[in-house]
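Throughout the sequence shown, residue numbering follows this note's numbering, covering 483 to 888 in sequence.
Okay, the calculated beta carbon distance ranges per label pair: (1) L573 with G651: 26 to 34 Å; (2) R859 with G799: 22 to 30 Å; (3) R679 with P658: 28 to 36 Å; (4) H864 with L784: 20 to 28 Å; (5) L795 with L855: 19 to 27 Å; (6) R539 with R679: 36 to 44 Å; (7) D771 with V860: 39 to 47 Å; (8) V657 with L502: 31 to 39 Å; (9) L502 with D858: 48 to 56 Å; (10) R499 with R884: 31 to 39 Å; (11) L795 with A878: 19 to 27 Å; (12) G592 with L761: 36 to 44 Å; (13) L542 with P658: 23 to 31 Å; (14) L877 with W707: 20 to 28 Å.
No lab work stands behind these hints, which were simulated from the structure alone.
In this text, all values refer to a predicted model and were calculated from it rather than measured experimentally.
For glycine and all other residues, C-beta sits at the position ideal for the given N, C-alpha and C.
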Amino acid sequence: MSRTAAPPTAPPPAVPRVVLAARTAVAVVFALNGLAVATWFSRVPAVRDALGLSAGRLGLLLLAMSVGSLLAMPTAGLVAQRLGTARTVALGSALVAAGLTVAGVAAPAGSLPGVAVGLCALGYGSGICDVAMNVEGAVVERRLGRTVMPRFHAAWSLGSVAGAGLGAGSARLGVPVAAHLAALAVVVLLGTLLAVRSFLPAAEGGTSSASAAPADRRRDLLAAWREPRTLLIGLLVLVAAFAEGSANDWLAVAFIDGYDLSEAAGAAVFGVFVVGMTLGRTVGTVALDRWGRVPVLSGTILLATLGAGVAVLAGSGPVAIAGVALWGIGASLGFPVGMSAAADEEHRAPARVSVVAVIGYTAFLAGPPLLGLLGDRVGTLHALLVVPLLLLPTLALVPATRPPAR
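Between the sequences and the hints, there should be enough to build the whole structure, so can you do that?
Here it is in C-alpha coordinates:
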(Lines of atoms letter the chains of each structure in order from A and count residues from 1; the text may use other names and numbers.)
(Lines give C-alpha, C1' and ligand atoms only; values in the text may rest on other atoms or scores of the structure.)
Protein backbone atom coordinates (compact mmCIF):
# COMPACT_ATOMS: atom_id res chain seq x y z
CA MET A 1 0.00 0.00 0.00
CA SER A 2 1.60 3.22 -1.09
CA ARG A 3 1.72 6.35 0.95
CA THR A 4 1.74 9.86 -0.33
CA ALA A 5 4.94 11.54 0.82
CA ALA A 6 4.47 14.68 2.86
CA PRO A 7 5.63 17.78 1.05
CA PRO A 8 9.04 18.90 2.25
CA THR A 9 9.06 21.77 4.71
CA ALA A 10 10.52 24.89 3.21
CA PRO A 11 13.65 26.06 5.03
CA PRO A 12 13.43 29.39 6.78
CA PRO A 13 14.57 32.28 4.63
CA ALA A 14 18.22 33.15 5.03
CA VAL A 15 18.96 36.32 6.91
CA PRO A 16 20.71 38.83 4.63
CA ARG A 17 24.38 39.31 5.40
CA VAL A 18 23.88 43.05 5.83
CA VAL A 19 21.46 42.35 8.72
CA LEU A 20 23.92 39.94 10.36
CA ALA A 21 26.68 42.52 10.04
CA ALA A 22 24.40 45.16 11.55
CA ARG A 23 23.55 42.79 14.43
CA THR A 24 27.24 42.41 15.24
CA ALA A 25 27.85 46.15 14.92
CA VAL A 26 24.99 47.01 17.28
CA ALA A 27 26.30 44.52 19.85
CA VAL A 28 29.78 46.06 19.62
CA VAL A 29 28.40 49.57 20.11
CA PHE A 30 26.39 48.48 23.15
CA ALA A 31 29.47 46.77 24.62
CA LEU A 32 31.69 49.81 24.13
CA ASN A 33 29.10 52.10 25.69
CA GLY A 34 28.87 49.79 28.69
CA LEU A 35 32.66 49.72 28.92
CA ALA A 36 32.79 53.52 29.02
CA VAL A 37 30.08 53.94 31.66
CA ALA A 38 31.37 51.14 33.90
CA THR A 39 34.91 52.49 33.65
CA TRP A 40 33.70 55.71 35.23
CA PHE A 41 31.61 54.02 37.92
CA SER A 42 34.43 51.65 38.86
CA ARG A 43 36.62 54.64 39.78
CA VAL A 44 33.96 56.61 41.68
CA PRO A 45 35.47 55.66 45.09
CA ALA A 46 38.88 56.98 43.99
CA VAL A 47 37.32 60.20 42.71
CA ARG A 48 35.38 60.59 45.96
CA ASP A 49 38.61 60.28 47.95
CA ALA A 50 40.52 62.63 45.66
CA LEU A 51 37.86 65.31 46.05
CA GLY A 52 37.10 64.59 49.73
CA LEU A 53 33.33 64.28 49.23
CA SER A 54 30.66 63.08 51.63
CA ALA A 55 27.91 60.73 50.39
CA GLY A 56 25.54 63.66 49.92
CA ARG A 57 28.04 65.76 47.96
CA LEU A 58 29.05 62.75 45.87
CA GLY A 59 25.37 62.24 45.01
CA LEU A 60 25.15 65.84 43.82
CA LEU A 61 28.27 65.38 41.70
CA LEU A 62 26.84 62.24 40.08
CA LEU A 63 23.77 64.31 39.30
CA ALA A 64 25.85 66.12 36.63
CA MET A 65 25.97 62.96 34.52
CA SER A 66 22.23 62.46 34.94
CA VAL A 67 21.53 66.07 33.93
CA GLY A 68 23.58 65.56 30.76
CA SER A 69 21.60 62.43 29.89
CA LEU A 70 18.27 64.09 30.59
CA LEU A 71 19.17 67.10 28.43
CA ALA A 72 19.95 64.76 25.55
CA MET A 73 16.83 62.63 25.72
CA PRO A 74 14.08 65.05 24.56
CA THR A 75 15.81 65.65 21.23
CA ALA A 76 17.69 62.37 20.76
CA GLY A 77 14.88 60.85 18.68
CA LEU A 78 14.78 63.91 16.42
CA VAL A 79 18.56 63.82 16.01
CA ALA A 80 18.43 60.10 15.12
CA GLN A 81 15.72 60.80 12.54
CA ARG A 82 17.66 63.70 11.06
CA LEU A 83 21.22 62.31 11.06
CA GLY A 84 20.52 58.58 11.00
CA THR A 85 21.43 56.15 13.76
CA ALA A 86 25.04 55.62 12.65
CA ARG A 87 26.05 59.28 12.72
CA THR A 88 24.09 59.89 15.93
CA VAL A 89 25.93 57.06 17.71
CA ALA A 90 29.28 58.34 16.40
CA LEU A 91 28.50 61.84 17.71
CA GLY A 92 27.44 60.49 21.09
CA SER A 93 30.58 58.37 21.37
CA ALA A 94 32.79 61.38 20.70
CA LEU A 95 31.12 63.24 23.56
CA VAL A 96 31.45 60.19 25.84
CA ALA A 97 35.19 59.99 25.13
CA ALA A 98 35.64 63.70 25.75
CA GLY A 99 33.69 63.52 29.01
CA LEU A 100 35.70 60.58 30.34
CA THR A 101 38.96 62.35 29.58
CA VAL A 102 37.94 65.65 31.16
CA ALA A 103 36.60 63.99 34.32
CA GLY A 104 39.70 61.83 34.62
CA VAL A 105 42.07 64.78 34.36
CA ALA A 106 40.03 67.07 36.66
CA ALA A 107 39.63 64.59 39.57
CA PRO A 108 43.32 64.27 40.58
CA ALA A 109 43.65 68.05 40.20
CA GLY A 110 40.92 68.49 42.80
CA SER A 111 38.65 70.36 40.39
CA LEU A 112 35.04 69.62 41.31
CA PRO A 113 33.65 71.84 38.50
CA GLY A 114 35.93 70.14 35.97
CA VAL A 115 34.67 66.68 36.96
CA ALA A 116 31.08 67.94 36.78
CA VAL A 117 31.61 69.28 33.24
CA GLY A 118 33.18 66.00 32.16
CA LEU A 119 30.29 64.02 33.65
CA CYS A 120 27.73 66.25 31.94
CA ALA A 121 29.41 65.60 28.56
CA LEU A 122 29.61 61.88 29.35
CA GLY A 123 25.91 61.79 30.22
CA TYR A 124 24.84 63.83 27.18
CA GLY A 125 26.83 61.68 24.77
CA SER A 126 25.63 58.46 26.37
CA GLY A 127 22.03 59.73 26.23
CA ILE A 128 21.85 60.38 22.50
CA CYS A 129 23.87 57.24 21.82
CA ASP A 130 21.45 55.22 23.95
CA VAL A 131 18.35 56.24 21.99
CA ALA A 132 20.00 55.77 18.58
CA MET A 133 21.49 52.35 19.30
CA ASN A 134 18.18 51.11 20.76
CA VAL A 135 16.32 52.27 17.65
CA GLU A 136 18.88 50.50 15.45
CA GLY A 137 18.72 47.40 17.64
CA ALA A 138 14.92 47.26 17.44
CA VAL A 139 15.01 47.40 13.63
CA VAL A 140 17.67 44.66 13.48
CA GLU A 141 15.52 42.58 15.85
CA ARG A 142 12.55 42.83 13.48
CA ARG A 143 14.70 41.96 10.45
CA LEU A 144 15.99 38.86 12.26
CA GLY A 145 12.47 37.80 13.32
CA ARG A 146 13.38 36.81 16.87
CA THR A 147 14.07 38.47 20.22
CA VAL A 148 17.61 39.83 20.42
CA MET A 149 17.26 43.20 22.16
CA PRO A 150 18.13 41.80 25.61
CA ARG A 151 21.29 40.32 24.11
CA PHE A 152 22.31 43.73 22.85
CA HIS A 153 21.88 44.95 26.40
CA ALA A 154 23.80 41.85 27.54
CA ALA A 155 26.63 43.11 25.35
CA TRP A 156 26.35 46.39 27.26
CA SER A 157 26.62 44.40 30.47
CA LEU A 158 29.64 42.49 29.13
CA GLY A 159 31.26 45.82 28.45
CA SER A 160 30.36 46.78 32.00
CA VAL A 161 31.98 43.58 33.32
CA ALA A 162 35.14 44.46 31.43
CA GLY A 163 35.00 48.03 32.71
CA ALA A 164 34.46 46.89 36.30
CA GLY A 165 37.28 44.34 36.02
CA LEU A 166 39.68 46.85 34.54
CA GLY A 167 38.64 49.35 37.20
CA ALA A 168 39.29 46.87 40.02
CA GLY A 169 42.64 45.95 38.52
CA SER A 170 43.61 49.57 37.97
CA ALA A 171 42.67 50.46 41.56
CA ARG A 172 44.67 47.53 42.91
CA LEU A 173 47.73 48.41 40.82
CA GLY A 174 47.46 52.11 41.61
CA VAL A 175 46.93 53.22 38.00
CA PRO A 176 46.14 56.96 38.01
CA VAL A 177 42.50 57.79 37.31
CA ALA A 178 43.45 60.24 34.55
CA ALA A 179 45.53 57.69 32.61
CA HIS A 180 42.92 54.97 33.04
CA LEU A 181 39.94 57.03 31.84
CA ALA A 182 41.81 58.67 28.94
CA ALA A 183 43.06 55.33 27.58
CA LEU A 184 39.58 53.81 27.69
CA ALA A 185 38.13 56.91 26.01
CA VAL A 186 40.37 56.34 22.99
CA VAL A 187 39.41 52.66 22.77
CA VAL A 188 35.69 53.42 22.99
CA LEU A 189 35.77 56.16 20.36
CA LEU A 190 37.81 54.27 17.76
CA GLY A 191 35.85 51.05 18.25
CA THR A 192 32.50 52.81 17.87
CA LEU A 193 33.54 54.68 14.73
CA LEU A 194 34.52 51.37 13.13
CA ALA A 195 31.35 49.56 14.22
CA VAL A 196 28.78 52.08 12.97
CA ARG A 197 30.05 51.61 9.43
CA SER A 198 28.11 48.31 9.42
CA PHE A 199 24.79 49.74 10.61
CA LEU A 200 21.82 49.24 8.30
CA PRO A 201 21.39 51.85 5.56
CA ALA A 202 19.12 54.74 6.53
CA ALA A 203 16.12 53.37 4.64
CA GLU A 204 16.56 49.98 6.34
CA GLY A 205 17.46 51.32 9.75
CA GLY A 206 14.19 52.87 10.66
CA THR A 207 15.37 56.45 10.05
CA SER A 208 13.96 56.90 6.58
CA SER A 209 11.87 59.71 8.02
CA ALA A 210 14.97 61.88 7.89
CA SER A 211 13.51 63.37 4.73
CA ALA A 212 10.33 64.40 6.56
CA ALA A 213 9.77 68.02 7.43
CA PRO A 214 11.00 69.11 10.90
CA ALA A 215 7.42 70.04 11.81
CA ASP A 216 6.28 66.47 11.06
CA ARG A 217 9.03 65.01 13.23
CA ARG A 218 8.12 67.32 16.11
CA ARG A 219 4.43 66.42 15.72
CA ASP A 220 5.27 62.70 15.94
CA LEU A 221 7.25 63.34 19.12
CA LEU A 222 4.43 65.33 20.75
CA ALA A 223 1.90 62.66 19.78
CA ALA A 224 4.03 60.00 21.50
CA TRP A 225 3.79 61.98 24.75
CA ARG A 226 -0.01 61.56 24.67
CA GLU A 227 -0.06 57.77 24.24
CA PRO A 228 -1.02 55.93 27.47
CA ARG A 229 0.87 52.76 26.52
CA THR A 230 4.07 54.66 25.80
CA LEU A 231 3.83 56.53 29.12
CA LEU A 232 3.20 53.32 31.09
CA ILE A 233 6.21 51.67 29.44
CA GLY A 234 8.19 54.78 30.34
CA LEU A 235 7.25 54.41 34.02
CA LEU A 236 8.31 50.76 33.93
CA VAL A 237 11.65 51.73 32.40
CA LEU A 238 11.97 54.48 35.03
CA VAL A 239 11.92 51.97 37.90
CA ALA A 240 14.08 49.50 35.97
CA ALA A 241 16.63 52.24 35.36
CA PHE A 242 16.56 53.16 39.05
CA ALA A 243 17.13 49.53 40.08
CA GLU A 244 20.07 49.29 37.68
CA GLY A 245 21.42 52.81 38.10
CA SER A 246 21.42 52.74 41.90
CA ALA A 247 23.72 49.73 41.74
CA ASN A 248 25.93 51.46 39.17
CA ASP A 249 26.22 54.60 41.28
CA TRP A 250 26.33 53.27 44.82
CA LEU A 251 27.02 49.54 45.04
CA ALA A 252 30.81 49.78 45.27
CA VAL A 253 30.67 52.67 47.76
CA ALA A 254 27.92 50.98 49.82
CA PHE A 255 29.86 47.74 50.22
CA ILE A 256 33.06 49.61 51.04
CA ASP A 257 31.27 51.59 53.76
CA GLY A 258 28.76 48.97 54.93
CA TYR A 259 30.86 45.80 54.79
CA ASP A 260 34.29 47.37 55.31
CA LEU A 261 35.72 46.24 51.96
CA SER A 262 38.71 47.68 50.10
CA GLU A 263 38.27 49.84 47.00
CA ALA A 264 39.31 46.95 44.76
CA ALA A 265 36.86 44.58 46.50
CA GLY A 266 34.07 47.15 46.16
CA ALA A 267 34.72 47.37 42.41
CA ALA A 268 34.66 43.55 42.28
CA VAL A 269 31.21 43.50 43.96
CA PHE A 270 30.00 45.87 41.26
CA GLY A 271 31.43 43.33 38.80
CA VAL A 272 29.25 40.61 40.36
CA PHE A 273 26.20 42.78 39.70
CA VAL A 274 27.02 43.29 36.02
CA VAL A 275 27.81 39.58 35.61
CA GLY A 276 24.29 38.88 36.89
CA MET A 277 22.90 41.46 34.46
CA THR A 278 24.78 39.82 31.59
CA LEU A 279 23.56 36.34 32.48
CA GLY A 280 19.95 37.52 32.78
CA ARG A 281 20.02 39.30 29.44
CA THR A 282 21.67 36.39 27.64
CA VAL A 283 19.28 33.71 28.91
CA GLY A 284 16.32 36.10 28.96
CA THR A 285 15.91 36.11 25.18
CA VAL A 286 15.06 32.40 25.22
CA ALA A 287 12.58 32.89 28.07
CA LEU A 288 10.94 35.86 26.35
CA ASP A 289 10.45 33.97 23.08
CA ARG A 290 8.98 30.99 24.95
CA TRP A 291 6.73 32.61 27.56
CA GLY A 292 6.32 36.23 26.48
CA ARG A 293 7.13 39.57 28.04
CA VAL A 294 4.57 39.74 30.86
CA PRO A 295 5.34 36.53 32.84
CA VAL A 296 9.09 36.83 32.34
CA LEU A 297 9.24 40.47 33.43
CA SER A 298 7.03 39.76 36.45
CA GLY A 299 9.36 36.98 37.57
CA THR A 300 12.54 38.99 37.13
CA ILE A 301 11.13 41.98 39.01
CA LEU A 302 10.35 39.72 41.98
CA LEU A 303 13.86 38.27 41.79
CA ALA A 304 15.42 41.76 41.79
CA THR A 305 13.31 42.72 44.81
CA LEU A 306 14.54 39.69 46.74
CA GLY A 307 18.17 40.16 45.69
CA ALA A 308 18.35 43.84 46.60
CA GLY A 309 16.82 43.15 50.01
CA VAL A 310 19.31 40.37 50.73
CA ALA A 311 22.24 42.52 49.57
CA VAL A 312 21.36 45.21 52.11
CA LEU A 313 20.07 43.18 55.06
CA ALA A 314 22.17 40.01 54.97
CA GLY A 315 24.78 41.20 57.49
CA SER A 316 27.24 38.73 55.97
CA GLY A 317 29.51 39.65 53.08
CA PRO A 318 29.22 36.37 51.10
CA VAL A 319 25.43 36.22 51.49
CA ALA A 320 25.13 39.88 50.51
CA ILE A 321 27.21 39.25 47.38
CA ALA A 322 24.85 36.39 46.46
CA GLY A 323 22.03 38.90 46.83
CA VAL A 324 23.88 41.27 44.49
CA ALA A 325 24.01 38.50 41.86
CA LEU A 326 20.24 37.92 42.16
CA TRP A 327 19.67 41.67 41.99
CA GLY A 328 21.64 41.83 38.75
CA ILE A 329 19.77 38.91 37.16
CA GLY A 330 16.40 40.31 38.23
CA ALA A 331 17.11 43.85 37.03
CA SER A 332 18.42 42.68 33.66
CA LEU A 333 15.32 42.71 31.45
CA GLY A 334 13.22 45.72 32.43
CA PHE A 335 15.17 48.32 30.47
CA PRO A 336 15.76 46.37 27.20
CA VAL A 337 12.24 44.91 27.06
CA GLY A 338 10.78 48.36 27.70
CA MET A 339 12.81 49.82 24.84
CA SER A 340 11.83 46.95 22.55
CA ALA A 341 8.15 47.42 23.46
CA ALA A 342 8.38 51.15 22.73
CA ALA A 343 9.75 50.33 19.27
CA ASP A 344 7.11 47.72 18.36
CA GLU A 345 5.84 49.90 15.48
CA GLU A 346 8.83 50.81 13.33
CA HIS A 347 7.63 54.08 11.83
CA ARG A 348 6.99 55.54 15.30
CA ALA A 349 10.01 53.95 17.01
CA PRO A 350 12.37 56.99 17.22
CA ALA A 351 9.74 59.23 18.82
CA ARG A 352 8.45 56.60 21.24
CA VAL A 353 11.91 55.37 22.26
CA SER A 354 12.88 58.99 22.90
CA VAL A 355 9.84 59.52 25.16
CA VAL A 356 10.45 56.30 27.09
CA ALA A 357 14.12 57.22 27.45
CA VAL A 358 13.28 60.68 28.82
CA ILE A 359 10.99 59.16 31.45
CA GLY A 360 13.41 56.36 32.25
CA TYR A 361 16.44 58.58 32.59
CA THR A 362 14.64 60.65 35.19
CA ALA A 363 15.77 57.84 37.52
CA PHE A 364 19.38 58.76 36.81
CA LEU A 365 18.53 62.38 37.59
CA ALA A 366 16.72 61.75 40.88
CA GLY A 367 18.52 58.61 42.01
CA PRO A 368 22.02 59.84 42.93
CA PRO A 369 20.99 62.80 45.13
CA LEU A 370 18.10 60.86 46.70
CA LEU A 371 20.29 57.95 47.72
CA GLY A 372 23.13 60.28 48.69
CA LEU A 373 20.95 62.28 51.06
CA LEU A 374 19.48 59.09 52.52
CA GLY A 375 23.00 57.74 52.85
CA ASP A 376 23.99 60.72 55.00
CA ARG A 377 21.18 59.81 57.41
CA VAL A 378 20.99 56.01 57.45
CA GLY A 379 24.22 54.92 55.77
CA THR A 380 24.87 54.30 52.08
CA LEU A 381 24.13 50.58 52.30
CA HIS A 382 20.73 50.91 53.98
CA ALA A 383 19.73 53.71 51.60
CA LEU A 384 19.60 51.03 48.88
CA LEU A 385 16.44 49.59 50.50
CA VAL A 386 14.59 52.13 48.36
CA VAL A 387 15.18 49.79 45.40
CA PRO A 388 12.96 46.85 46.50
CA LEU A 389 10.35 49.26 47.83
CA LEU A 390 9.97 50.76 44.35
CA LEU A 391 10.18 47.50 42.42
CA LEU A 392 7.12 45.74 43.85
CA PRO A 393 4.48 48.27 42.64
CA THR A 394 6.03 48.09 39.16
CA LEU A 395 4.39 44.69 38.63
CA ALA A 396 1.16 46.57 37.79
CA LEU A 397 2.90 48.22 34.80
CA VAL A 398 4.19 45.03 33.17
CA PRO A 399 1.06 44.31 31.03
CA ALA A 400 1.72 47.51 29.04
CA THR A 401 4.66 45.77 27.36
CA ARG A 402 2.39 43.35 25.45
CA PRO A 403 2.80 43.90 21.69
CA PRO A 404 -0.06 45.97 20.25
CA ALA A 405 -2.73 44.18 18.22
CA ARG A 406 -1.87 44.10 14.54
